[in-house]
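These protein sequence lines are chains A and B, in that order. Each residue of the first sequence is one higher than the one before, starting from 1 at the first, in this note's numbering. Each residue of the second sequence is one higher than the one before, starting from 1 at the first, in this note's numbering.
Certain hints may be false.
What the hints assert, rightly or not - Chain B stretches covered by chain A per the calculated footprint, using a threshold of three residues with CB under 8 Å from any CB of chain A:
#	stretch
1	42-48
2	219-227
3	238-251
4	268-282
5	319-327
As the list claims (entries may be wrong) - Over 10 Å on every C-beta distance to chain B, these chain A residues come out as not near it, computed from the model:
#	residue
6	R9
7	G15
8	R69
9	R150
10	G202
11	P274
12	P374
Just so you know, these hints were derived from the structure itself, not from any lab. Think of the CB as a built atom: it goes at the ideal place given N, C-alpha and C, for glycine as much as any other residue.
2 protein chains.
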Amino acid sequence: MNVQGVPYRTIWAEGGSVKIIDQTRLPHAFVVAELDSLEAAVTAIATMQVRGAPLIGAAAAYGLALAMREDPTDDGLARARERLLATRPTAVNLRWALDRGAEHLAPLPPDERAGTAFRLAARICDDDVDANRRLGAHGYRILQEIHAARVPASGRSTGDGVGVVEGDVDRLNVLTHCNAGWLATVDRGTATAGIYQAHEEGLPLHVWVDETRPRSQGGRLTAWELGEQGIPHTVIPDGAAAHLMARGQVDVVLVGTDRTTARGDVVNKIGTYPVALAARDNGIPFYVAAPSSSIDFSVDEGTEVPIEERAPDEVTWVTGKTAEGGVATVRVIPEGSPARNYAFDVTPARLVTGLVTERGVTEASTEGLARLFPERAR
Amino acid sequence: MNVQGVPYRTIWAEGGSVKIIDQTRLPHAFVVAELDSLEAAVTAIATMQVRGAPLIGAAAAYGLALAMREDPTDDGLARARERLLATRPTAVNLRWALDRGAEHLAPLPPDERAGTAFRLAARICDDDVDANRRLGAHGYRILQEIHAARVPASGRSTGDGVGVVEGDVDRLNVLTHCNAGWLATVDRGTATAGIYQAHEEGLPLHVWVDETRPRSQGGRLTAWELGEQGIPHTVIPDGAAAHLMARGQVDVVLVGTDRTTARGDVVNKIGTYPVALAARDNGIPFYVAAPSSSIDFSVDEGTEVPIEERAPDEVTWVTGKTAEGGVATVRVIPEGSPARNYAFDVTPARLVTGLVTERGVTEASTEGLARLFPERAR
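If we strip away everything but chain A, and leave its shape as in the complex, we get:
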């Protein structure tokens, strides 16, 4: 998508190395970083310079390629896989990309592995963009339908006008959590793919962006990328989503997923589950953009998925830009107080209105997913 009008992907090969947008620096600085080794790729994933389930998969594929240039032996392949797999335990795309890579590379002679791995990583990237475009078309259709089914503006109470400015009563209000935008993928995004298409096709919309503490992927990344594409949006604290829903200011919720189980439980960024509860309590549709690469047919119950716990520092310290233009990090919790930092939660399938995949939309159930992916369902 565009950054100051120039189209970018989040990851690409260039001149023998791999380039990424360093997402830890956004929105205060747009920095392209270079990954030139397996270790650099491992660090980029672990420190969340790249993040988002689909992008983690693509970055892992490139990490494998960089590793094959360093040590293309069977041992080197096994070690690279292990190192990359250990970076983030929850997103299934990581394992998916590494399994796919190992499957292709293992039968090859070592001297062919690096070249093949780079081509494979490039293909995973292209496939991701393609899948997101198709997924986005299905997401767009949902937004269109919900927009069409709304009570016409003139007959609608706009409450105190939250999110509604003069002439904007026709806008569809979409709420999203965390960043399932183009920054979470190679391009287009998953949840945002439908939003971008809607915007391109002229459907009037406005996006409520959950800040998404502690790492503020909503407030930092989703807000930034929507702003760069010129899409109206408003950032809210995570606790405010339910209130907006209760006041009729949200028409539909659309989020991403880091892993969706065979029966449709959704493991996504911490704070997704309470958003789903609020949507259910207010009769608001709750859709999950779930590219097939994020669906794990080997797990049934969301509670079986390992939930990554990250450093408490991400809760107790906040980084931002000072009024003078510098970047500063400040402690926001008293020094003697401990914090815990679970990165994901589980939204049970019963709270999910539908899963939006590149093959279409389905109910979040074993049957629904099996119908859409008969070749993968058990």
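Based on these hints, arrange chain B on the given structure of chain A.
Showing chain B alone in chain A's frame:
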């Protein structure tokens, strides 16, 4: 309660002026500020140097007293009332304290008003502390009962050990949102009154503290005051409360209220409603500490209560302490992105297990509240 071992109240009269703990400076600095005029009191309430429904009431009473020293005429009384009432629209204690003040002062000759107003404010403070102690005894009883009803530690899965350290499996896990602690009142707190009594009587407990964005009253104030009293606690991002509940790591939720309606709808800090939804979804009791001064029998539906909207800056900028020990304010949202900042939400009575008042515990219903407060119910 204690600050570094020394007992304090949040507001008191001293040497002809009024002293407060400046809560905008906590937890990084403990500063006692002086209010010497009506305008100083108005500013202190509006900028949240003092906050929390009961403390706002006490501060308004002192504001009225300071005003009577400046202009004790009927005009002066009416103007002071108006200025103070406009500071915060949601908490009902403000109106309650001002009504009580005006009722006492209006019949008096002007030259007696200031003295009476100061005595009245002091009485409101003493009454608050007394009410909180009584409320706390009822809250303590609830915590005791829930603790006694727990499966004994040996037969209990501790999951992955969240909030549980060696030898602590017997601890009661209480979750709270925002600050309904002694800092929100004159002393003892409302939700925390039961927690403090439990701690004093040796009931083992641990408190999950919702950070409570955007102003982080949980992360800044509740964590600080629990730490000062030596009560085990852990700060979590607001979005993590539901996840902890789903994992069996929360035994009971206990929060405060800024206004409770005649039928038991609870208007409290933004983000309370999704916590109540998560408690309900996981079969966890959700109690609200509601001193009688916060119950508004003139309103039935929570949706009728005006919800204060505060400056978006409170969402987009964060203040904290740098590693070097200074205080810095940083922008955490992209410059082009707007934010909205609703201060409160409405938790419908149906999600409330019980209201804890100084007269006892009741169900959140018209009948329940009428039984406890027959002289006030309509």
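Hints, verified against the model:
no. : hint    : verdict
1   : 42-48   : violated (count 0)
2   : 219-227 : holds (count 6)
3   : 238-251 : holds (count 8)
4   : 268-282 : holds (count 10)
5   : 319-327 : holds (count 6)
6   : R9      : holds (20 Å)
7   : G15     : holds (30 Å)
8   : R69     : holds (37 Å)
9   : R150    : holds (21 Å)
10  : G202    : holds (22 Å)
11  : P274    : violated (4 Å)
12  : P374    : holds (31 Å)
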